[in-house]
Amino acid sequence: MQNRHLHEENRKSWNTATQAHNSHKKDQAAFLRGGGSTLFPEEIELLGSIEGSRLVHLQCNAGQDSLSIAALGAEVTGVDISDEAIDFARKLSINSGIPTHFVRADVYDWLAEAERQSFDVVFCSYGALCWLSDLALWAQGVANILRPNGRFVCIDFHPFSMVFDEHFNIAYPYFADGEPLTWDDGVGDYVGMAGEALAPSGFVEGETQYNNPHPVHEFQWTLAEVFQALIDAGLVIEITREYPYSNGAKLFEDLIETEGHRFTRPEGKPNLPLMWGIVARNQG
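Residue numbers (this note's numbering): 187 to 470.
Hints were generated in silico from the structure; no laboratory data involved.
Among these hints, one or two may not hold up.
[Claimed, not checked] Across the chosen pairs, the derived CB separations fall in these ranges:
#1 Phe346 / Pro227: 21 to 31 Å
#2 Glu391 / Glu237: 35 to 45 Å
#3 Arg427 / Leu367: 19 to 29 Å
[What the hints assert, rightly or not] Each computed EDC-like pair below joins lysine to aspartate or glutamate, with the alpha-carbon atoms no more than 16 Å apart:
#4 Lys212 / Glu391
#5 Lys212 / Glu393
#6 Lys198 / Asp292
#7 Lys198 / Asp273
Note that beta-carbon positions come from the ideal geometry of N, C-alpha and C, so glycine has one too.
Sequences and hints are given; from them, build the entire structure.
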């Protein structure tokens, strides 16, 4: 069951965080105009050929990935709950010269209103699923807007890695049964912590006294719960992936950065799944 009160608190927290995140990035419009991309190879591989396709990017944040996808030839709509993120995305679209349609909405509201639309691809990535308070309703909404033979594509941080705190101590449940986990310090400045790995246009110091007064509420969904929600919605799972590294995000203190701005466990430490990906198709 959705909890709109928690969604609203998350919106406020993301508004604060988005300003800090973008403060660390050099001229993003110039970077995109010059052919730069914020996409990693893993999502490009999962997306496959998208030229000429109609694609919606759910929970698109400030639009950098949406614009990078549009530059590959797709007609892109980006949806996000954060006012600050969508305002920034719209300006970035204009200043980069990459046409993309951005909508400020709670993902559940948008999916309900979009049922008469149809898309070739529904995409979400990197920290998207943990904000979903009703997994079954979301999956059915995704299925409802996919054209026959359309694809759902997702790459996200692995839910197993989310049982650890930053010191790699087991601290949180894997099976949370849809109950929210609340963080009083809000969405963090993970761009500032990641440095150049999340600022391909160039990193600047930006916000240095960051404080987020708005708490956030996350939802821990297991891989099985996500798979089953998509199956129950009528989608057919075609591709699954697990990765022993995280793209751009240093999730834990002892992770080391490797080629391509990937973060992984040090040599001699057991490797763990830090990301996962999926492609599911609407065969109706």
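Evaluated hints:
1. In this structure the hint that Phe346 and Pro227 lie 21 to 31 Å apart at CB holds, the actual value being about 22 Å.
2. Between Glu391 and Glu237 the CB atoms are about 38 Å apart, so this pair conforms to the stated range of 35 to 45 Å.
3. One distance hint, 19 to 29 Å for the beta-carbon pair Arg427 and Leu367, holds here, with the actual separation near 25 Å.
4. At roughly 10 Å between alpha-carbon atoms, Lys212 and Glu391 fall within 16 Å of each other, so this suggested pair holds.
5. Pair hint Lys212 plus Glu393 holds up; C-alpha atoms about 13 Å apart against a cutoff of 16 Å.
6. Only pairs whose Cα atoms come within 16 Å are accepted, and Lys198 paired with Asp292 is accepted, the gap being roughly 12 Å.
7. With a C-alpha separation of about 14 Å, the suggested pairing of Lys198 with Asp273 holds against the 16 Å cut-off.
Consistency note: the structure conflicts with none of the earlier hints.
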